[in-house]
Each structure stands twice: as C-alpha cells, then as structure tokens.
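Just so we're aligned, residue 81 is where the sequence shown starts under our numbering, counting upward by one.
Please note that the accuracy of each hint is not assured.
[Unchecked claim] Listed next, the in silico DSBU-like pairs over lysine-lysine satisfying Cα-Cα at most 35 Å (straight line):
(1) Lys-360 <-> Lys-397
(2) Lys-360 <-> Lys-289
(3) Lys-360 <-> Lys-219
(4) Lys-219 <-> Lys-397
(5) Lys-289 <-> Lys-397
(6) Lys-219 <-> Lys-289
[What the hints assert, rightly or not] Listed next, with one range per pair, are the computed distances between beta-carbon atoms:
(7) Arg-217 <-> Ile-129: 44 to 50 Å
(8) Asp-221 <-> Glu-301: 17 to 23 Å
(9) Leu-271 <-> Ala-140: 16 to 22 Å
(10) Gly-275 <-> Lys-360: 40 to 46 Å
(11) Gly-192 <-> Thr-389: 38 to 44 Å
(12) Ile-406 <-> Ile-227: 24 to 30 Å
(13) Val-232 <-> Gln-393: 27 to 33 Å
(14) Ile-239 <-> Gly-275: 37 to 43 Å
(15) Glu-332 <-> Ala-120: 25 to 31 Å
(16) Ile-259 <-> Ala-120: 19 to 25 Å
Derived by calculation from the structure, the hints in this document are not laboratory data.
All C-beta atoms in this analysis are idealised placements derived from N, C-alpha and C, irrespective of residue type, glycine included.
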Amino acid sequence: MTRTSPAPAVLTDVNAGATTGRTRIRALGEWAGDASVIIAVTTVVLFLIACLVVPEFATADNLRALLLSIALVGIAAVGMSVITIVGRLFSLSVSATVAVSTIIFAGALGLGPWFALVIAVAFGAVAGAVQGVLAGRLKADPIVTTIAGAAVMIGIAQIFSEGRTVAGAGDASVFAINIAGVLPMQVLIFLLVTGVAWWIHRFTVLGRKITLVGLNERAAEVSGLRSWPLVIVAFVASGALAGLAGALLASESGQGNLQLGATFGFDAITAVVVGGISVKGGMGNPLNAAVGAFLVGLLSNALVLVGLTYETQLIVKGVLVLFAIIITGVASQAKNGARR
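Generate coordinates for the entire structure from the input sequences, incorporating the hints supplied.
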C-alpha cells in the first residue's frame, strides 16, 4: 500500500505566506475599491482641519470661491472621466477647450447669456468630436491627438483674439445668482451634470457599453460591439463639458482670455485619478471624478491660503496622483486575484 508523504513544512509555510499576502492585497483592494466613500471621508476630514488651521479659510467669501472652483473643475472632470472609462486615458486639450470657450462665450455674450453658453458648449462638442474620430475611428494615440488638438485651438484663438482679453458686450449676471441665497448657480449646474452623467453610466445601455469597451475593447468588438462610435461619444461629452466649464468661468467676469483655465486640464486629471477611476479603463464612474474634484478643489484652496508657491502645489498634486494610481493598481490586482 502506498503512503502519501505529508507536504514539507517549508512548502506549507510558503503557501501560507502567499495566501496571507493575497488576502492582504484583496483587503486593500476592497478598501480602495469604494473610492468615492474614501475620498468623501478624506475631504470632510481635510475640510475640518482647514477650518481650524488655515487662516481665512472658513470665511464666507473664501467658501464661495471654493465652491465655484470645485464646480468648474468638477464639470471638466466629469467629462474627462468618460474618456478614461472608455479606455482612452485622458484628454490633454481640456485646458485649451476651456480657455477658447471663455473667448467664444465673451464674444457671443451680446446675443444673450444663454445663447453664448450654447455656442461655447457646441464648440467644445465639435472639438471633441474631431479628436474622437481620430482617437476612435483612426485609432490614433489619444495623448498625441489631444495635444495636437490643443495646439490648433490655441493657435486659431490667438490669431482671432490677438492675445487680448475679449470683453463681453452683454450681461452674464444670470449665472451669478445664488440659489436660496447660498448656493451659486454654477454649483447647481455641476450637481445636475454629475447626476445625469452618473445616471447614464449606471442605468443606460450606452453607459454599460462604454464600460465594456474600457474593460476589454477587443473582446467587445469580437462580440459585435463597435468601439469607435463610443470613443467619439466620450470625446464629445468631454469637449462639451469643458466648453460648459469655460462659459461658466467667463460668466464670472464677462470676459474671455486664453490664460483662463490654464490649470483645468491637470486638475481634472487629478480629480479623475484621485476619485478612483482606473487609467486602464472600465473601472469607476463619473461620480468618482466629481468626488475627486471636491478633494482637489479643497486642497488647492488650502495650499494657496497657506502661501505655497504654484510649483509646490504642482508637486503636492503630482504626489497625490501617483499615490492614487498605486491604490487603484492594487485594487485591480485584488479583483484579478479574486477571480483566480
């Protein structure tokens, strides 16, 4: 009769150690997976700390400025998130779209504030569509495509504006109304945009298709799902919302300038990544980006008030992005490990 020898103690220890390691990675991945809750809690904690420690932070004027900043960056970030989810990384033309949209809004303001808003949004949508065709239909690299798109937009706007500030001939005060005397209209628009984007992502066929393409584009195409129209939709959404952010930014002063919105692109990317949306695509939703925008806006505001230089602020945001990428990477590994 053959007797089975027990496994060597060394192998048993190794297997146990590997199992423990995988368990820890899964636990961390599950912790990182619910990114919206984590970022929301972190934002609340930082807000309370800033109220106690940062001078002038809790004043009414600063809190209003903070909300406006969060709303405008958040709108751009929600649009950016669709591109990331569909698996096309980021749009590096967001800042340019925002800047040019401020000029378009100011130039069209004489025709009415709402008409000027529509024109700015339409411009962003068209610019996004062109880049979407290149990145989706022609499979061009999205980073190179959007850098080129930004250069073209800024160049054309520079020619027509001659590098000057464009002052609007109309009144944009309709966008300066505070809802219930407290909530700026821009914030309400941001919340509506976030709600609609989340609903589309969560409850519609379009949202599910975008996620499937982001998860595995080749598998989606093999199953009969064409990916390039969805990529175009993502770029159109991003461009339109960047145009909306630019119009609302210009409405604050009734003026447009190519220097406005210079940091929107990086802040939107930071919000998307910090919010827990995987740069590989197919993971996360627009709500993550909106929550990330709250943290980015709060951090930016506090850093300015404590007197840190712009360069130092970039370092802090860059470290934050790297940390978020590590966490989402761990979450992805945990999910893959759970399937094995």
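For each hint, the structure was consulted:
1. Lys-360 <-> Lys-397: Status holds; Cα separation ~20 Å.
2. Lys-360 <-> Lys-289: holds (16 Å)
3. Lys-360 <-> Lys-219: holds (16 Å)
4. Lys-219 <-> Lys-397: Status holds; Cα separation ~30 Å.
5. Lys-289 <-> Lys-397: holds (32 Å)
6. Lys-219 <-> Lys-289: holds (18 Å)
7. Arg-217 <-> Ile-129: 44 to 50 Å: Taking Cβ atoms as reference, Arg-217 and Ile-129 lie about 48 Å apart, which means the hint holds.
8. Asp-221 <-> Glu-301: 17 to 23 Å: At roughly 19 Å between Cβ atoms, Glu-301 and Asp-221 fall inside 17 to 23 Å, so the hint holds.
9. Leu-271 <-> Ala-140: 16 to 22 Å: Cβ of Leu-271 to Cβ of Ala-140: about 20 Å, so the range 16 to 22 Å holds.
10. Gly-275 <-> Lys-360: 40 to 46 Å: violated (26 Å)
11. Gly-192 <-> Thr-389: 38 to 44 Å: holds (41 Å)
12. Ile-406 <-> Ile-227: 24 to 30 Å: holds (26 Å)
13. Val-232 <-> Gln-393: 27 to 33 Å: holds (29 Å)
14. Ile-239 <-> Gly-275: 37 to 43 Å: The hinted range 37 to 43 Å holds for Ile-239 and Gly-275, with Cβ atoms some 39 Å apart.
15. Glu-332 <-> Ala-120: 25 to 31 Å: holds (27 Å)
16. Ile-259 <-> Ala-120: 19 to 25 Å: holds (22 Å)
Checked against the numbered hints given earlier, this structure breaks only hint 10.
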